[in-house]
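Chain order of the listed sequences is A, B and C.
Letter 294 of the first sequence, counting from 1, is numbered 294 in the working numbering, and no numbers are missing.
Letter 26 of the second sequence, counting from 1, is numbered 364 in the working numbering, and no numbers are missing.
Letter 131 of the third sequence, counting from 1, is numbered 804 in the working numbering, and no numbers are missing.
Note that these hints are calculated values from the structure, not bench results.
No incorrect hints appear here.
Restraint ranges, calculated between C-beta atoms of paired labels, are given here:
hint, chain 1, residue 1, chain 2, residue 2, range
1, C, R977, A, P155, 21 to 27 Å
2, C, K803, A, G281, 41 to 47 Å
3, C, S918, A, G325, 39 to 45 Å
4, B, F392, C, S808, 55 to 61 Å
5, A, E140, C, L960, 37 to 43 Å
6, C, S918, A, E255, 26 to 32 Å
Quick caveat: nothing in here was measured; it's all calculated off a predicted structure.
All residues carry an ideal CB built from backbone N, CA and C; glycine is no exception.
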Amino acid sequence: MSLAGIPAEVAPLVDVRNLSVRFPVASTGLFSRARSYVHAVEDVSFSIGRGETLGLVGESGSGKSTTGRAILRSTPIASGRVSFDGNDITDVTGAALRALRRNMQLVFQDPYASLNPRMNVLEIVSEPLIVHGIASSVDEASPIVADLLSRCGLPSDALTRYPHAFSGGQRQRIGIARALALQPKFIVADEPVSALDVSVRAQVVNLLQDLQRDMGISYLFIAHDLSVVRHISHRIGILYSGHLVEYAPTNNVYESPIHPYTEALLSSVPIPDPAVQRKRGRIVLQGEIPNPIDPPAGCRFASRCPLVEDRCRVETPRLEEKAPGHFAACFVRSANTQ
Amino acid sequence: MENPQHIPDQYSASTRETEAALHEEQNLEGRPYEVTAATKGVFRELLTDKTGVFGVAILAILGLAALFAPWVAPHGPTDGSLSTANRKPVWNGGTWEYMLGTDPQGYDMLSRLIYGLRTTLLVSLSVVLVAGVIGVVIGLISGYRGGRTDRWIMRWVDVQVAFPGLLIAMIMIAVIGGSKTAVIFVLSFNGWMVYARMTRGVVLSVKEQPYVEAAELIGCPPRRIMFRHILPNLVSAISTLAVLEFARIILAEATLSFLGLGLQFPEVSLGIVASTGRDYIFSTPRLIVIPGIAISLLVMAVNFAASWLRVALDPREREKRFAANALNSATGAGQ
Amino acid sequence: MISHETILDVRNLTVDFFTRRGTVHAVRDVSFSVRKGETLGIVGESGSGKSVTAQAILGLTELPGRVTGGDILWKGSSLIAGREAAETIERVRGKEIAMVFQDPMTSLNPVYTVGMQVSEVLVRHMSMSKKAARSRAVELLDMVGISNPAKRLDQYPFELSGGMRQRVLIAAALACEPELLIADEPTTALDVTIQAQILDLIAELQQRLGVAVVLITHDLGVVAGVCDRVAVMYGGKIVEEADASEIYPLPFHPYTEGLLRSTPRLDVVSERLESIAGSPPDLREVLAGCSYSPRCAAVTEMCRSAVPVLDQRGEGRRVACWNPR
Numbered sequence: 001m002s003l004a005g006i007p008a009e010v011a012p013l014v015d016v017r018n019l020s021v022r023f024p025v026a027s028t029g030l031f032s033r034a035r036s037y038v039h040a041v042e043d044v045s046f047s048i049g050r051g052e053t054l055g056l057v058g059e060s061g062s063g064k065s066t067t068g069r070a071i072l073r074s075t076p077i078a079s080g081r082v083s084f085d086g087n088d089i090t091d092v093t094g095a096a097l098r099a100l101r102r103n104m105q106l107v108f109q110d111p112y113a114s115l116n117p118r119m120n121v122l123e124i125v126s127e128p129l130i131v132h133g134i135a136s137s138v139d140e141a142s143p144i145v146a147d148l149l150s151r152c153g154l155p156s157d158a159l160t161r162y163p164h165a166f167s168g169g170q171r172q173r174i175g176i177a178r179a180l181a182l183q184p185k186f187i188v189a190d191e192p193v194s195a196l197d198v199s200v201r202a203q204v205v206n207l208l209q210d211l212q213r214d215m216g217i218s219y220l221f222i223a224h225d226l227s228v229v230r231h232i233s234h235r236i237g238i239l240y241s242g243h244l245v246e247y248a249p250t251n252n253v254y255e256s257p258i259h260p261y262t263e264a265l266l267s268s269v270p271i272p273d274p275a276v277q278r279k280r281g282r283i284v285l286q287g288e289i290p291n292p293i294d295p296p297a298g299c300r301f302a303s304r305c306p307l308v309e310d311r312c313r314v315e316t317p318r319l320e321e322k323a324p325g326h327f328a329a330c331f332v333r334s335a336n337t338q
Numbered sequence: 339m340e341n342p343q344h345i346p347d348q349y350s351a352s353t354r355e356t357e358a359a360l361h362e363e364q365n366l367e368g369r370p371y372e373v374t375a376a377t378k379g380v381f382r383e384l385l386t387d388k389t390g391v392f393g394v395a396i397l398a399i400l401g402l403a404a405l406f407a408p409w410v411a412p413h414g415p416t417d418g419s420l421s422t423a424n425r426k427p428v429w430n431g432g433t434w435e436y437m438l439g440t441d442p443q444g445y446d447m448l449s450r451l452i453y454g455l456r457t458t459l460l461v462s463l464s465v466v467l468v469a470g471v472i473g474v475v476i477g478l479i480s481g482y483r484g485g486r487t488d489r490w491i492m493r494w495v496d497v498q499v500a501f502p503g504l505l506i507a508m509i510m511i512a513v514i515g516g517s518k519t520a521v522i523f524v525l526s527f528n529g530w531m532v533y534a535r536m537t538r539g540v541v542l543s544v545k546e547q548p549y550v551e552a553a554e555l556i557g558c559p560p561r562r563i564m565f566r567h568i569l570p571n572l573v574s575a576i577s578t579l580a581v582l583e584f585a586r587i588i589l590a591e592a593t594l595s596f597l598g599l600g601l602q603f604p605e606v607s608l609g610i611v612a613s614t615g616r617d618y619i620f621s622t623p624r625l626i627v628i629p630g631i632a633i634s635l636l637v638m639a640v641n642f643a644a645s646w647l648r649v650a651l652d653p654r655e656r657e658k659r660f661a662a663n664a665l666n667s668a669t670g671a672g673q
Numbered sequence: 674m675i676s677h678e679t680i681l682d683v684r685n686l687t688v689d690f691f692t693r694r695g696t697v698h699a700v701r702d703v704s705f706s707v708r709k710g711e712t713l714g715i716v717g718e719s720g721s722g723k724s725v726t727a728q729a730i731l732g733l734t735e736l737p738g739r740v741t742g743g744d745i746l747w748k749g750s751s752l753i754a755g756r757e758a759a760e761t762i763e764r765v766r767g768k769e770i771a772m773v774f775q776d777p778m779t780s781l782n783p784v785y786t787v788g789m790q791v792s793e794v795l796v797r798h799m800s801m802s803k804k805a806a807r808s809r810a811v812e813l814l815d816m817v818g819i820s821n822p823a824k825r826l827d828q829y830p831f832e833l834s835g836g837m838r839q840r841v842l843i844a845a846a847l848a849c850e851p852e853l854l855i856a857d858e859p860t861t862a863l864d865v866t867i868q869a870q871i872l873d874l875i876a877e878l879q880q881r882l883g884v885a886v887v888l889i890t891h892d893l894g895v896v897a898g899v900c901d902r903v904a905v906m907y908g909g910k911i912v913e914e915a916d917a918s919e920i921y922p923l924p925f926h927p928y929t930e931g932l933l934r935s936t937p938r939l940d941v942v943s944e945r946l947e948s949i950a951g952s953p954p955d956l957r958e959v960l961a962g963c964s965y966s967p968r969c970a971a972v973t974e975m976c977r978s979a980v981p982v983l984d985q986r987g988e989g990r991r992v993a994c995w996n997p998r
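The shape of chain A in the complex, shown without the other chains:
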């Protein structure tokens, strides 16, 4: 039984319950003891099954990257629990954590800065193998690396070249090959295509999809807008200011969104067709994303919500099942009214 009323899936691979991550901020005043906290992630629960993708969408300050890093135990968790493959990993540290890392990896957002410019591709992709003792030297790892590179669509003569000889899309593929080296069961893809050219994004997303099909990897695919995640996600979670405001199977989110923020998000993605774009009924939100430091009570979206009522400013809505399998945190919308 979980507090948010979301049923724990049958043997999910990754299970996150009531996760909260807070960062202390410098205390105000010279001698003041009171500390302020940035509430990066607040009471978030979801689960990811084997071979499944959860698309986690949110804008800046939503806590999406922090959530991903918290699951990987790269960021300290304030409260809540994370379990992986049935084991509670919330408090694991040190060597045990490093051993755990074999099963969970990260693909970074920035293809230019996530590869050490002083190491060649072979060294970069073989490093995980060497660190975990699978291969004792770079040469021994070479055939494994060549295989990984070809899976990722990179020719084998890439081995001796250095990252800056490659384009953004290719570098991202090198990063994916590195993440695959240890044959992880779970990969957090943190905005993997945001920094790439539009014409190249699909190459990477399609690659991830193919790898999921062939190797059964689960993904947490983090993105800042809804246009990229549709094809690869089985389920989508929408984060706003640290709270999970909508959580449902992919098509439900796109076709019948419940939370007003989801609607606004869908509406702000521009459609590359002037005839359609200029005539669309668009919801343009006024105002800014709220300050995550010591937030006030009530729904975080209240300051910008077109449907806001008095209750919203006082109580924080919980994630509830509004339609079969479709969860939203809103007092005003009881079920999809579209």
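Based on the hints, put chains B and C in the right spot on chain A.
Positioned in the frame of chain A, the structure of chains B and C alone reads:
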């Protein structure tokens, strides 16, 4: 239907306008591009920087002279007697045998300068090495570990920096006595902090780079991260710092020896040569002026070379210089 | 409200970057013009040369780059060539042509208040007194939709969010009532919901003030809502230019088509995301033929051997392709 995995990709760097234009290297042949950047075409570029040429040339000459001192110097450093005392230099009526003249003890100035240079360079290089290694390691640990370790180490650094270096050096030498080893020890003891601070600064910023985070997520232990991923970023900054420190240590050693607190007879260093002239400043000024000029020349050459090195090790600076030259010659041709 | 008077005329612009590893031909023989009051969108990905073009217009090309050919005419006066060019640029920059850059985080000076930065433009170009400049600054901040403008004037950039900073920059850009606003990826660093706000703002201001806008972006969606005309750049050249209403339903150039196909549309459900095979071109190479030919699905022998020229193909449309639709 496009299948990106089978269409051959051009190995073309994605040109993010200016940024990428500065970082493109064609054929690396297995070496990190910064090493290639630093060595390829370096000589030709050196020639465009006049002060750099001057500095490196002087250093080369002096370095070789110091290395081959026994063959280059016309006499031994302590060869001489009262019969050869106070000979005038060649421009003042003396002979070529004692080109720069001799001192009151009868020792040949030029030979002493050459042998002195040898000792000075040896001591200074040793100090740079010892202080550098200690400082960089401490800075790495402090910067990478962060938190309490960092705070306490930096406090120690602050305390040590607060003490006047020369005073400490003098006191220590007074206690342990003067010798090459003592001088090296004392100057290293006072000199490691600047490396630690600089290293820590660079580490703090490099630590935030995604590829360092990636290394942690792969499961690399801290030591591997520090030496494999972070340290190489420091090469350029440390090199420049080391060269500048080198200049400073030369002066520090000269000062100590001049005050009689560094090396002792029969050791000879540039500072010692200068110190013999201390009592004759008004009667025989050349005894102090000539070594003074030698020290100045050495330090100046080191500084010029350091400034050139800073540009040589930084690909961006080299690009700017290259572009400026290319445009100057283009405008010269009337574009 | 688009007149037929051309205010900006870029002719055969060529910009090169001199690097140790070869000369990067970032902009190759680019020509286009902007009429009074119209909105032109320049769309391109990395290596297309779009930002370099924009910087060249305002003389912002820095070492190792340099304008090596062509001319840019602003209302008939050259901004590049001739003895008066430097003078013209000084006069025009900030006053008649204004620019908004990509990253609002770094475009504002962190040690001066917002008010000082907006007033500075007014004092310098319009010779206003500080007091007059301040009250005009309040009006401008209000015009760009900043709440509590008087209070904001005394705030520092770090106290404002990204969207607000971008608004401040737009306010500063429009302060002297320029006739042309160049916006170089103004919303790329912003969140999607904020992007929608800023684009609406730009469209509204454009309507209201009649200022011509050159909007540079990599996102065809952004351009669709705001621009009258679109120019698509690839490999340092313009490959297609047409009215927005014409180019989207019917692109002629294979790259434009590929780009449109790769841009995901929320209103169209598809099986898999599409992309263009291959990678952006290396601008140090000058191919014998079309620089898109290695990736083009419609490539012919002609394409590989001769560089296509930007030609008129139909009303208001120019295409540089040997084998267009």
